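Take these sequences, add in the hints, and give me the full structure.
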Amino acid sequence: MEGITAPHDGSPYDEADIRRFSAEPDKRPGRTAFQRDRARVLHSSALRRLAGKTQVVTPGSQSQEWDASPRTRLTHSLECAQVGRELGAALGCDPDLVETACLSHDMGHPPFGHNGEQVLNDFAKDCGGFEGNAQSLRLLTRIEPKRFVRADSVTPDVTTPGAEAAVEAGAAADGGARLVSVGLNLTRAVLDAATKYPWPQGAHPSDPDSVKFGVYEDDLPVFEWARRGAPPNRTCFEAQVMDWADDVAYSVHDFEDGLHAGHVDPGALLSTPERDEIWAVAIGRYVPHDTDPAQLAAALDRLMAQEWWPHGYDGTAVAQARLKDATSQLIGRFCLAAEGATRARYGTGRLTRYGASLVVPPEARDECAVLKAVAHRYVMQRADQESLRADQRIVLAELAWTLTARAPEGLDPQFRALFETATDDRARKRVIVDQIASLTDAAARSLHTALTGRT
Numbered sequence: 001m002e003g004i005t006a007p008h009d010g011s012p013y014d015e016a017d018i019r020r021f022s023a024e025p026d027k028r029p030g031r032t033a034f035q036r037d038r039a040r041v042l043h044s045s046a047l048r049r050l051a052g053k054t055q056v057v058t059p060g061s062q063s064q065e066w067d068a069s070p071r072t073r074l075t076h077s078l079e080c081a082q083v084g085r086e087l088g089a090a091l092g093c094d095p096d097l098v099e100t101a102c103l104s105h106d107m108g109h110p111p112f113g114h115n116g117e118q119v120l121n122d123f124a125k126d127c128g129g130f131e132g133n134a135q136s137l138r139l140l141t142r143i144e145p146k147r148f149v150r151a152d153s154v155t156p157d158v159t160t161p162g163a164e165a166a167v168e169a170g171a172a173a174d175g176g177a178r179l180v181s182v183g184l185n186l187t188r189a190v191l192d193a194a195t196k197y198p199w200p201q202g203a204h205p206s207d208p209d210s211v212k213f214g215v216y217e218d219d220l221p222v223f224e225w226a227r228r229g230a231p232p233n234r235t236c237f238e239a240q241v242m243d244w245a246d247d248v249a250y251s252v253h254d255f256e257d258g259l260h261a262g263h264v265d266p267g268a269l270l271s272t273p274e275r276d277e278i279w280a281v282a283i284g285r286y287v288p289h290d291t292d293p294a295q296l297a298a299a300l301d302r303l304m305a306q307e308w309w310p311h312g313y314d315g316t317a318v319a320q321a322r323l324k325d326a327t328s329q330l331i332g333r334f335c336l337a338a339e340g341a342t343r344a345r346y347g348t349g350r351l352t353r354y355g356a357s358l359v360v361p362p363e364a365r366d367e368c369a370v371l372k373a374v375a376h377r378y379v380m381q382r383a384d385q386e387s388l389r390a391d392q393r394i395v396l397a398e399l400a401w402t403l404t405a406r407a408p409e410g411l412d413p414q415f416r417a418l419f420e421t422a423t424d425d426r427a428r429k430r431v432i433v434d435q436i437a438s439l440t441d442a443a444a445r446s447l448h449t450a451l452t453g454r455t
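According to the working numbering, the sequence shown is numbered sequentially starting from 1.
Keep in mind the hints are simulated off the structure, nothing from the lab.
Note that this is a predicted model, so its numbers are computed, not measured.
The beta-carbon is built from N, C-alpha and C at its ideal position, and this holds for glycine as well.
Incorrect hints may have been included.
With a straight-line Cα cutoff of 30 angstroms, these simulated DSS-like cross-link-like pairs (lysine-lysine) come out [as the list claims (entries may be wrong)]:
1. Lys146 / Lys212
2. Lys212 / Lys125
3. Lys27 / Lys146
Derived DEER-like restraints, expressed as beta-carbon distance ranges [stated by the list, open to error]:
4. Arg285 / Ser387: 17 to 23 angstroms
5. Gly30 / Glu386: 49 to 55 angstroms
6. Leu270 / Asp26: 37 to 43 angstroms
Take a look at the structure:
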């Protein structure tokens, strides 16, 4: 049975939007369903673990270049949530819904960022691959311990994905009934809003070779429940707001961090050879392959012409304040561009779910892409960073194969129980992937050392 909490009068969200997979009584009357969802994500251990996962620089690292508190996946998620909440509210979305989707969007990302994602995808090719967004859905609906239900209470049309593999170790108190996890048991609308790629592996609507997907095969039942009534392959409006907030937050803040660390010299952005390298990074990665470099040059020129643009940075308090103002100006610029263009198309009413699509002007997308490319060129492509990434790949690959050989040794109790009840090698391998994906950067290195004896 699905849980329903009545929406406030005048809400554009109906009962289907606020259903939960498992019915639950309200613990405290007066809260909306989406406020409850936000609280669940904020209090989850998975969100806390993002504090120890790489955004650009390894958490906890210090040098003369980086300060002692670099951005992490957690701080990025908090910043994304702030951007998404305000943009969504301005367009008529429930702000708690959008904020929860933003907080959740990176929860499934593994240690070492996209670098770790690539290693786990290679390791998991014979059990469905790995994708951070698909892992986020899996975490929200199964892995994060919050609510268990009787297996015999799950209705056939919304069967818990992989219920047999999620059986709690030992018998339940109520007559020995098996219990299965439904994760955080979030509402349908929040799960849908947190889904950036609403298709399984290999089913990208326009690019079958794309590595991006949002659901593993054995999670399809709960995915289909969350997507019930949604147009195929289309993201809901709130998910589009989340996606743009994500782009805005990481493009602006990676650029800010690059300046702060001294890796980005604003003066170099006037050099033709330097610009050519930036366009080479952007085209095919952040903009389509057929993009004219002149289009990107115009985008960078527009930004550099703004009176708040940081033309230099020397680390003084005044420079820090000016840089922070530039960051605010950029976020406002990108959000107002999307808000204005979307309102121009759809009018002044509340825009939610599948009643509209977010409109982001091409000029704003180009400017955002240029900032991403600048950060990538001057921060991610540095030689010391590539050396670090190579070491991280070795650590994670060795950890994956060592756990394969020695599991259940090395598994946390939660994953040990799942490993021991898994029905075949494919299911056991997925448990190992889930275990590794849950680790922080430091925990991955610590477990690797404990199991292999190597540092």
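Consistency of the hints with the structure:
{"no.": "1", "hint": "Lys146 / Lys212", "result": "28 angstroms, holds"}
{"no.": "2", "hint": "Lys212 / Lys125", "result": "14 angstroms, holds"}
{"no.": "3", "hint": "Lys27 / Lys146", "result": "14 angstroms, holds"}
{"no.": "4", "hint": "Arg285 / Ser387: 17 to 23 angstroms", "result": "21 angstroms, holds"}
{"no.": "5", "hint": "Gly30 / Glu386: 49 to 55 angstroms", "result": "53 angstroms, holds"}
{"no.": "6", "hint": "Leu270 / Asp26: 37 to 43 angstroms", "result": "59 angstroms, violated"}
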